Amino acid sequence: AQKITQTQPGMFVQEKEAVTLDCTYDTSDPSYGLFWYKQPSSGEMIFLIYQGSYDQQNATEGRYSLNFQKARKSANLVISASQLGDSAMYFCAMREADNFGNEKLTFGTGTRLTIIP
Amino acid sequence: ETGVTQTPRHLVMGMTNKKSLKCEQHLGHNAMYWYKQSAKKPLELMFVYNFKEQTENNSVPSRFSPECPNSSHLFLHLHTLQPEDSALYLCASSPREVSVGETQYFGPGTRLLVL
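As given, the protein sequences belong to chains A and B, one line each in that order. For what it's worth, the numbering used here labels the leading residue of the first sequence as 1, then goes sequentially. For what it's worth, the numbering used here labels the leading residue of the second sequence as 1001, then goes sequentially.
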């Protein structure tokens, strides 16, 4: 079963509009971390935002915010006032401990976001 | 200066060739990772090194051989690869392996094509 599910393979959004990228996760571990990364066409994965499972408030970093709904196991990324430079692949990832106590980072399949001028 | 560098950025090789991918991190981190990113598939963790010791081998075929001579450098030696090994290979580092809240810092990747 998939640990991280991103149901939107691609999205087109008008410049300056807000966009929400969906991410749901599956874990039985009470302690975990959720990450969002941006991957431009150049290839590198750029860290955007982090949410800890025990964090009471939703994480925010500039134009990025994470809509964390723990009971629903969702961690959607919200980008406000989108810009042309936001066009990229976006990956949701979860960090949790495996059965041997090792930390694992599991990625979703990604969402390709295209910002339209 | 980019925190994590990878060379080469692009590589084309035949199935009988031997080549190596190099990763270098300038962040003072102690953990380094190799990932494989194939089209339309999630990122797959291949190897983890923590303080130069391999702590994870995610059932990777032996035609991929990692080497970590020190905490700043990580290599992936390739030999007798198959066309399905064509992918983007990403290197990453983090301060240490075990920490839920710490992100990993990624390099730009090596795009590998096996003919």
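It should be emphasised that the hints constitute simulated quantities derived from the structure, not laboratory data. Hints may be right or wrong, so weigh each one.
[As the list claims (entries may be wrong)] Have a look at the derived ranges for each label pair, beta carbon to beta carbon:
{"no.": "1", "chain 1": "B", "residue 1": "Met1015", "chain 2": "A", "residue 2": "Gln57", "range": "30 to 38 Å"}
{"no.": "2", "chain 1": "A", "residue 1": "Thr60", "chain 2": "B", "residue 2": "Pro1061", "range": "39 to 47 Å"}
{"no.": "3", "chain 1": "B", "residue 1": "Pro1095", "chain 2": "A", "residue 2": "Ser80", "range": "26 to 34 Å"}
{"no.": "4", "chain 1": "A", "residue 1": "Tyr54", "chain 2": "B", "residue 2": "Arg1063", "range": "37 to 45 Å"}
{"no.": "5", "chain 1": "A", "residue 1": "Gln83", "chain 2": "B", "residue 2": "Thr1005", "range": "38 to 46 Å"}
{"no.": "6", "chain 1": "B", "residue 1": "Ser1059", "chain 2": "A", "residue 2": "Thr7", "range": "26 to 34 Å"}
{"no.": "7", "chain 1": "B", "residue 1": "Pro1061", "chain 2": "A", "residue 2": "Thr114", "range": "41 to 49 Å"}
{"no.": "8", "chain 1": "A", "residue 1": "Arg72", "chain 2": "B", "residue 2": "Met1015", "range": "20 to 28 Å"}
{"no.": "9", "chain 1": "B", "residue 1": "Met1015", "chain 2": "A", "residue 2": "Ser42", "range": "33 to 41 Å"}
{"no.": "10", "chain 1": "A", "residue 1": "Glu17", "chain 2": "B", "residue 2": "Pro1069", "range": "43 to 51 Å"}
{"no.": "11", "chain 1": "B", "residue 1": "Val1012", "chain 2": "A", "residue 2": "Gln57", "range": "42 to 50 Å"}
{"no.": "12", "chain 1": "B", "residue 1": "Arg1063", "chain 2": "A", "residue 2": "Lys16", "range": "43 to 51 Å"}
{"no.": "13", "chain 1": "B", "residue 1": "Thr1080", "chain 2": "A", "residue 2": "Asp55", "range": "30 to 38 Å"}
{"no.": "14", "chain 1": "B", "residue 1": "His1077", "chain 2": "A", "residue 2": "Asn58", "range": "39 to 47 Å"}
Here the structure is a predicted model, which is why all the values come from computation and not from measurement. Where a beta carbon is used, it is the ideal one built from N, C-alpha and C, also for glycine.
Cross-check of the supplied hints:
1. B:Met1015 <-> A:Gln57: 30 to 38 Å: At roughly 52 Å between Cβ atoms, Gln57 (chain A) and Met1015 (chain B) fall outside 30 to 38 Å, so the hint is violated.
2. A:Thr60 <-> B:Pro1061: 39 to 47 Å: Hint holds: Cβ distance 42 Å, inside 39 to 47 Å.
3. B:Pro1095 <-> A:Ser80: 26 to 34 Å: This hint holds: roughly 30 Å between Cβ atoms.
4. A:Tyr54 <-> B:Arg1063: 37 to 45 Å: holds, 42 Å
5. A:Gln83 <-> B:Thr1005: 38 to 46 Å: For Thr1005 (chain B) against Gln83 (chain A), whose Cβ atoms are near 27 Å apart, the range 38 to 46 Å is violated.
6. B:Ser1059 <-> A:Thr7: 26 to 34 Å: Cβ of Ser1059 (chain B) to Cβ of Thr7 (chain A): about 28 Å, so the range 26 to 34 Å holds.
7. B:Pro1061 <-> A:Thr114: 41 to 49 Å: Violated, since Pro1061 (chain B) and Thr114 (chain A) (Cβ atoms, about 35 Å apart) do not stay within the stated range.
8. A:Arg72 <-> B:Met1015: 20 to 28 Å: violated, 47 Å
9. B:Met1015 <-> A:Ser42: 33 to 41 Å: violated, 28 Å
10. A:Glu17 <-> B:Pro1069: 43 to 51 Å: holds, 49 Å
11. B:Val1012 <-> A:Gln57: 42 to 50 Å: holds, 48 Å
12. B:Arg1063 <-> A:Lys16: 43 to 51 Å: Since Arg1063 (chain B) and Lys16 (chain A) have Cβ atoms about 48 Å apart, the given range 43 to 51 Å holds.
13. B:Thr1080 <-> A:Asp55: 30 to 38 Å: violated, 47 Å
14. B:His1077 <-> A:Asn58: 39 to 47 Å: holds, 43 Å
In this structure, the earlier hints numbered 1, 5, 7, 8, 9, 13 are contradicted, and the remaining ones agree with it.
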